[in-house]
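Colleague: Sequences and hints are given; from them, build the entire structure.
Listed below are the residues making up each chain.
There are 2 protein chains.
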Amino acid sequence: MSNESAIGVFDSGLGGLSAVRELARLLPHENIIYFGDTGRVPYGSKSRETIRKYTAQDASFLLSHGVKAILAACGTVSSNALECIEALTDIPVFGVVEDAAREAYAASKTKRIGIIGTQATVNSGIFKRKIESIDVRATVLQCACPLFVPLVEYGFTAEGDEITRLACERYLAPFRGEVDTLVLGCTHFPILEKAISAALPGVTLINPASEAARAVAKTLFENGLLSARKGRGEIRYFVSDEPARFNAEGKIFLGKDFAIDAKKIEIDKF
Amino acid sequence: MSNESAIGVFDSGLGGLSAVRELARLLPHENIIYFGDTGRVPYGSKSRETIRKYTAQDASFLLSHGVKAILAACGTVSSNALECIEALTDIPVFGVVEDAAREAYAASKTKRIGIIGTQATVNSGIFKRKIESIDVRATVLQCACPLFVPLVEYGFTAEGDEITRLACERYLAPFRGEVDTLVLGCTHFPILEKAISAALPGVTLINPASEAARAVAKTLFENGLLSARKGRGEIRYFVSDEPARFNAEGKIFLGKDFAIDAKKIEIDKF
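First to last, the sequence lines map onto chains L and Z. Just so we're aligned: the first sequence equals residues 917 to 1186 in this note's numbering. Just so we're aligned: the second sequence equals residues 917 to 1186 in this note's numbering.
Read the hints as simulated data drawn from the structure, not as lab findings. Remember, predicted model here, so these are calculated numbers, not experimental data. Every residue, glycine too, gets a C-beta built ideally from N, C-alpha and C. There may be inaccurate statements among the hints.
Unchecked claim - Under 8 Å between C-beta atoms, here's a sample of chain Z residues computed to sit facing chain L:
1) R956
2) S963
3) E965
4) P1066
5) Y1070
6) L1082
7) D1157
8) E1158
9) D1184
Modeller: See below:
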């Protein structure tokens, strides 16, 4: 492990690529290794125990590449299993909860904040605890929005899509008039940002992947761990299912400027 | 393996329980062992290679219990990996394609038949090939309806649910006026039967889990493999994630008369 080592990023599938995009923008000279557990996706509807087992395997894979930091770019992992990674290594470990909770608190004027995520993220209650640990008088409302993940993955993302609009209305109704800030606590949800905003006009949306990427950049800089590389860093992608669908759909999260050529690995060997 | 051995049934998750219900109705004296791969669900959006690997493990687990027949109560497995089970054993192996295809052909007057399923099932083209092997002049139209699985699993199943109604309208529009019979090629889809019927009035719906259960009963009877048990058979449930959610949501598929107390196993050891 050295300054020239890669930053490791993983997610249950595609969503964490939004953090890769943000990292590559902030730290263009860094190498990045991404793992998407596409053979076992999704995590958000699975039990805490299974999420913890999968997380330890995902982190072990990244550690086998000698990464210098790990970002769990997945709300479900960050909420249920971050300490399973910290138990494996001394390098800096980041999730998508801590910084998003702080940013949500800072952004909120009324200190009434909403959290949306997968069932596992909401069950964990971690966003609520983090915000209340900043200010015990803050009010945090939570709601699981499990259908948002398949709506993104199965292409219900066109602007004004009526099914997505209705799903947003139904899930987000409890927040209307109740919060001024909403944390998009799952890396898929920023893809539905416009539809979520339309259902909750005037509410500030917090994107945890962006906040986490900023925290990674700050920590590497402060600890003198940035690469001295001059040219653009290399991004390598690994997945646990066949790569075809990941290569094609990754563009939803990464944007058109990234070429993805993922390699398949056997994650249950880690 | 004897006449008193159990019938093995498996699925990627909950859906195959609809076949268990039908088997228990047709063959009340038989023991049944069910495995739901809830730790890796869903299969339908994963690659053929991964589906085949998981299928072989699922079947190996059932074979370790000495079952006398195996029913792959999953459209995705039946379409992509049935021969992976047949390669492991000489006992009778059933999927949910063969008999549903035959029944759909028999039920159709116009010989214009629709198929809906997961992306993997539709990609395999197996329903189309089976029906065309009965009658090369039959017309088979296919459409993947991936959102139907999460709509069932996340509870969008109330009669008249507007989101489910719109999803049915959008996915099923290509069939309107084109087919007189539709195969519900995924074990989740019969839960949405009323909404599907409302989008395609007058079209005959074929439920492959029921057809497959009938085929199992017929084969065991014809081969003298039925149990001589007098009382009700025992049904045992195994899963690869924590059982809590499976125990609770299994009732969607099994009905209220069944008590479910599933046991967790490590499927990647098989």
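Colleague: Taking the hints in turn, state whether each one holds.
Modeller: Hints, verified against the model:
no. : hint  : in the structure
1   : R956  : holds, 5 Å
2   : S963  : holds, 3 Å
3   : E965  : holds, 6 Å
4   : P1066 : holds, 4 Å
5   : Y1070 : holds, 5 Å
6   : L1082 : holds, 5 Å
7   : D1157 : holds, 5 Å
8   : E1158 : holds, 3 Å
9   : D1184 : holds, 5 Å
Checked against the numbered hints above, the structure violates none of them.
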